[in-house]
Structure formats: structure tokens, C-alpha cells
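Participant: Sequence:
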Amino acid sequence: MGGEKVGRHVVHCRLFNRKTLTDGYINQRMFMLRMSQNDDLVYAVLANEKAHGLAPSDNGIEGLMEDCSLLECGLDGANILQQVEIYAFKSDGQFEGTQYVVGDFVVSVCTFMSRNNLPRGLIIEVQYSPCYTVSHVDMLIDEFLSNFASHDHLRKPVDNMPALFDKVGLPNTEYSLKHTALQYVAAFNILRKFEK
Numbered sequence: 001m002g003g004e005k006v007g008r009h010v011v012h013c014r015l016f017n018r019k020t021l022t023d024g025y026i027n028q029r030m031f032m033l034r035m036s037q038n039d040d041l042v043y044a045v046l047a048n049e050k051a052h053g054l055a056p057s058d059n060g061i062e063g064l065m066e067d068c069s070l071l072e073c074g075l076d077g078a079n080i081l082q083q084v085e086i087y088a089f090k091s092d093g094q095f096e097g098t099q100y101v102v103g104d105f106v107v108s109v110c111t112f113m114s115r116n117n118l119p120r121g122l123i124i125e126v127q128y129s130p131c132y133t134v135s136h137v138d139m140l141i142d143e144f145l146s147n148f149a150s151h152d153h154l155r156k157p158v159d160n161m162p163a164l165f166d167k168v169g170l171p172n173t174e175y176s177l178k179h180t181a182l183q184y185v186a187a188f189n190i191l192r193k194f195e196k
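In our numbering, the protein residues as written are 1 to 196.
Quick list of the computed label-pair ranges, beta carbon to beta carbon: (1) 149 / 89: 33 to 43 Å; (2) 20 / 147: 44 to 54 Å; (3) 115 / 8: 16 to 26 Å; (4) 90 / 23: 14 to 24 Å; (5) 71 / 19: 11 to 21 Å; (6) 8 / 73: 16 to 26 Å; (7) 27 / 2: 42 to 52 Å.
Bear in mind the hints are in silico, worked out from the structure with no lab data behind them.
Beta carbons: idealized from backbone N, C-alpha and C, even for Gly.
Kindly produce the complete structure, drawing on both the sequences and the hints.
Facilitator: What follows is the structure in C-alpha cells.
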């Protein structure tokens, strides 16, 4: 496809569970994420589940989450969140691979590695950096991805990303690293379960 190698792409994820659950929640989690694109920035996704008697979703972090918040903090903020001891460390993993530029697209091909250094899945992150604004960018990215694999073999981490973006207060009109961070957290949450 004529892509130019840009360099390494690394995303590190950590999962913490709240030590003492509050307000009738059955699960309170904090996901922390750090991307090589901006090494000084850490994203924390706080997700709370209430009991509804339904089976948990295998679709990232969407599903039964009552409350979901996204915090953007520096390294100091991340250290404080980990040291206040409200949350206990549960697991971590890393997406690591290579980044390429292919026309108007930036493509990162990463393997997910769990703590035991076993690959658990392959992630292809596609960023579209057009010279002009386009509508229906989802269709354009799906068409681009069909060059790599059939639609049967591609799985998006969360079926309804706009609903998740809305839940944490992110606009659907302008995309940011926060949107990407949420998608990596969803992918991490799915792939870490393959360790068992």
C-alpha cells in the first residue's frame, strides 16, 4: 500500500478496582492509560456498574456502566490517583507496534501484550488526517480497513462508540486523543479477559 514507517507506537493500560464499593455499585473500576503520542499525559477512566441482574457486556466498557468519567491528567495527577489507595491494582497490559503513514491515514499496528508477555490480540488504529472535511468518515475508515482484512475478521471494540463518548461528555463532532483513549480502554478490557 506504499506506507512510510513513522516509528514505534505504545499504549500502556492499567486496571484498578475500588477497594470499598459505594452507593450500591457491584463494580467500580479505574482504567489508566498512557500513549506514546503524548507521554506526559495520562487518561483515567472511572467506570461504575450497578446490579441489574443482566449478564455483563463483553463489549469493552460500555454495557451496564451507570456512571463513566474521563479524566485527563499529567504524571503527577496519575501518581496521586494511584497513591490515595482508594483503588487496588488488578492488571495491566501494553499495546505495542509500529506506526505508518499511508496517504491521509496514520495506521498503527499493535500487538496486545499482557503481564505474562503473551500476545493476546492485534489492534489496528487508524487516524484520518484529511486535507479537507469529509462526512461519513466511519464508512471511509471501514473501506480503508477492508484492504487489510474482510469485515468478518474485523471487530470494533465498542459497537456504539458515540453513546460512550456522550456518556463521558465528549462531542461527536470533533475527535481528540480522549476519544482514542476510550477506545483503547475498551479494547484493553476485552483483551485482558483472554488471559484467563
